[in-house]
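**Q** Just so you know, the protein sequences line up as chains A and B, in that order.
Add 3 to the 1-based position in the first sequence for the working numbering, that's all there is to it.
Add 285 to the 1-based position in the second sequence for the working numbering, that's all there is to it.
Hints are computed from structural coordinates only; laboratory data are not their basis.
These numbers come from a predicted model, not from an experiment.
Each residue gets a CB set at the ideal place from its N, CA and C atoms; glycine is no exception.
Treat the hints with caution; some may be incorrect.
[Claimed, not checked] Now the in silico label distances, taken between C-beta atoms and shown as ranges: (1) B:E347 - A:N586: 50 to 60 Å; (2) A:V793 - B:M286: 16 to 26 Å; (3) A:G606 - B:E347: 44 to 54 Å.
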Amino acid sequence: MSLLHYLVLSPFILAIFIPFLYKWFRNVHTGWFILPLPVILFGYLLTFVTTGQGMEVVEETVPWVPSLGINFTVYLDGLSLLFALLITGIGALVVLYSIFYIANKKDEPLNNFYVYLLMFMGAMLGVVLTDNLIVIYVFWELTSLASSLLIAYWFHKEKSRYGAQKSMLITVSGGFAMLAGFSLLYVITGTFSIQGIIEQSAQVIASPLAVPAMLLVLAGAFTKSAQFPFHIWLPDAMEAPTPVSAYLHSATMVKAGIYLVARFTPVFGGMPEWFWIVSAAGIITLTWGSISAVRQKDLKAILAFSTVSQLGLIMTLLGLGSAALYFDVANEGQYYTFAVMAAVFHLINHATFKGGLFMAVGIIDHETGTRDIRKLGGLMSVMPITFTISLIGLASMAGLPPFNGFLSKEMFFTGVLDATELPIFNMQTVGLMFPVLAWIASIFTFLYCLIMLMKTFFGKYQPEKLEKEAHEAPIGMLISPIILISLVVIIGFFPNILAYTIIEPVMNSILPGFTFEPNIYHWHGLNTEIFMTVGVILFGSLIFMNLNRWQETYFFLRERDPLNQVYDKGLDGLITGAQGITNIQMTGLLRDYFAYMSVFMVGALMFTMFWFDAFTFDVNFGMMGSITPYAVIIIVLLAVVSLALPFIQHRVSAIAVLGVVGFLIALLFVNFRAPDLALTQLLVETVMVVLFLLCFYFLPELKRGDFKPKFRWLNLVISISVGLTVSLIGISALSLSQTDGYESISMYFIENTYELTGGKNMVNMILDDFRALDTILEVLVLGIAALGVVALIKLRFKGGEDV
Amino acid sequence: MLYTLANIALVIMAISIAILFIRVIIGPTLSDRVVALDTIGINLIGFIGIIMLIQNTLMYAEVILVIAILAFVGSIALAKFIEGGVVIDRGDR
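Produce the complete structure using the sequences and hints provided.
**A** Here is the structure:
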């Protein structure tokens with residue numbers, strides 16, 4: 004166990020102590036105990052940041068299930084480090100923010116909150132810092148679980164539970180698909196280590212299992228990162244407390260899918276399917292998310308769809324950048340690595356401004372009591388600091404200079420424009436959709452940023468619609484967003500502080516073997532990108548000015564994503580469908596279950612017989628004894644009696660006839676020289692008849708009377724087919740056993756009964772000497788049956804009692 | 286000679302069982318059926334006796350005894366059932 008292992012496990016260890024700290028130090032806000040941990044972790048992780056080329060990769064292994072190749076391997080390279088820094092850094096800020104956000108110590112179960120939050124933090128660190136696929140999957144599911152727990156933090160609210168269930172179902176299904184994908188990768192490469200798989204990436208791509216494995220892994224990544232059409236859980240996850248939304252649903256968890264895609268880019272990057280699926284899903288998500296965000300009236304819902312859209316942007320860039328791996332020659336490939344750099348840069352930027360915006364929205368919610376943009380307005384003078392934070396955050400999100408969003412947006416435009424020049428995958432024609440869609444999405448992004456800003460802070464102040472008198476937040480709540488927003492500004496003005504420290508190592512992990520020029524400039528000259536940005540601002544403002552006219556249209560009024568209907572109907576349909584199927588088959592009638600069993604038995608046996616062509620009627624009668632005339636009469640009689648049984652109308656008669664059948668069978672035993680069997684058969688048959696009569700006597704009054712078996716054609720068919728099947732199998736077994744040439748082992752018993760046991764009755768000697776174990780157990784069966792009968796008769800439960 | 290005769294006797298007895306069985310099925314009252322069953326039992330005794338002759342063995346002597354006892358016990362039980370509806374009385378009645 005190295006320090007890095009403890010780094011991953013420390014949140015879990017601290018989580019164990021949270022309930023005690025909460026109980027013993029009631030007058031201290033529990034959050035203060037948490038705060039040092041992410042700060043220390045962040046500080047420790049910062050020591051791994053190096054300038055220049057040499058980001059040293061750290062790899063430490065602790066065996067977990069070594070026999071299955073599952074090891075708790077911590078692998079820290081540029082990509083992991085970036086995510087770990089985001090998780091711990093924003094984690095620390097979120098904890099600080101939550102201390103002031105959930106200030107009411109008495110009413111809120113703070114211990115739950117911080118246990119879940121620490122669980123999430125540890126799980127997330129585990130996802131990004133481990134190298135073993137199974138370990139990643141374990142932590143991945145833990146993030147889903149912690150996320151659901153946090154969404155349903157106010158579990159008394161119906162919508163929280165709905166959101167938690169939805170996010171759980173969607174992300175866990177994706178996670179499960181991912182596990183299947185990981186298993187396929189293991190099948191292809193024979194290792195669970197990601198680095199091991201990257202080394203064998205050529206072999207992976209060549210494998211026929213590559214596309215299924217890729218699709219399954221992407222299913223996990225897309226559900227987690229809220230890509231179209233799996234994004235529907237994210238807006239409903241906004242029922243969580245705002246610190247949770249800021250942490251999980253903007254900065255960290257939803258980027259787990261991005262992390263996974265980036266991590267697997269060296270494996271699948273060269274495949275056209277990967278390029279197309281990742282980029283297309285990204286660009287669709289980007290457009291759809293930005294259009295949906297415009298329709299929202301709730302600030303957090305706008306931010307949720309905006310997160311969806313920005314995640315789509317990052318995903319698109321990762322997809323487009325994977326084209327670099329398609330070329331073997333590093334020369335031309337380098338050209339496309341730019342998209343990956345844009346993705347990484349925007350990933351950092353998005354985490355900063357989105358975290359800050361969520362916190363600002365939380366402040367507005369906290370201080371006014373509402374998040375509805377129709378009720379808010381004119382808060383600029385009331386909440387100046389929050390306004391400044393929001394202004395910078397929104398400007399950055401909209402992609403305005405001089406903030407970091409502008410830089411990444413310009414790089415995004417460059418990336419999509421470059422993509423149209425790719426000489427592969429028909430990009431020169433179909434690829435034109437990328438810049439067009441990206442541009443449209445940017446207009447809508449600008450629009451919803453403008454809506455958020457104008458509707459919240461400008462316009463008329465409406466105190467009568469607010470639940471509280473609005474005022475500026477306490478300073479403690481403002482610290483975290485101020486830090487994040489100052490990062491937005493700092494990165495905006497000095498983007499190159501990140502270039503060699505963070506971005507270059509990350510690029511080295513995503514696209515190993517390439518060299519980069521990670522320089523980010525504000526001014527590229529008068530190129531297409533700058534005109535696109537100008538167009539975005541122009542068109543966005545134009546739409547905003549005409550917004551009053553558009554607001555009344557159906558498109559704007561409908562807030563909920565239509566895909567939710569698919570989910571809701573699907574879930575309902577699943578439940579009703581499952582119930583329907585259960586109701587159809589589970590009738591509660593033993594008769595039906597018996598029919599199922601018989602039909603299945605006949606079907607399975609007949610199919611097997613046909614499949615192996617096992618029907619033979621080639622019985623050698625010469626090998627059997629002679630058939631005597633009286634035996635024929637007895638057998639005919641037996642058949643007639645058995646056939647007559649179902650038609651007997653009177654129960655006592657039926658019992659008597661059944662007795663006759665037993666006697667005739669005893670007679671057959673005699674005929675075939677089995678005296679012991681005949682004796683036992685007679686005794687048992689008599690007892691049976693007596694027992695049947697006993698049952699007949701105890702039949703309830705109402706139904707006593709004549710016994711009229713209902714006649715059903717289906718029953719007739721089933722019973723005849725059962726009889727036919729068994730007869731055919733018997734005949735073919737007999738004829739096959741006559742030809743297979745094996746002797747029966749009975750000669751051994753005949754020769755050795757007297758020598759070995761001293762008895763002359765061979766049947767009895769087999770029963771209690773050669774094969775005595777069976778006899779013992781059958782005695783046991785009889786004992787159990789007797790005890791069961793006694794228990795059934797003696798122990799009677801009154802109504803309501805349970806065994 | 287003996288073998289042929291024994292076989293003929295067996296066939297006759299089997300036919301007799303068949304006729305008795307018809308009585309068991311159509312017998313208008315339960316009593317008819319009980320008497321028929323009892324007679325089937327007696328027929329079985331004879332049947333098995335002749336089979337012992339044919340197979341030249343003494344192994345079935347117990348079977349014959351058991352059938353005799355069971356036919357008696359069975360007839361008594363059924364008779365009691367017809368009379369009182371109960372086969373085994375309770376101690377206090």
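**Q** All hints, please: hold or fail.
**A** Hints, verified against the model:
1. B:E347 - A:N586: 50 to 60 Å: Roughly 56 Å apart at Cβ, these two residues keep to the hinted range, so it holds.
2. A:V793 - B:M286: 16 to 26 Å: violated (57 Å)
3. A:G606 - B:E347: 44 to 54 Å: Taking Cβ atoms as reference, G606 (chain A) and E347 (chain B) lie about 45 Å apart, which means the hint holds.
When the structure is compared with the earlier hints, a violation turns up for hint 2 alone.
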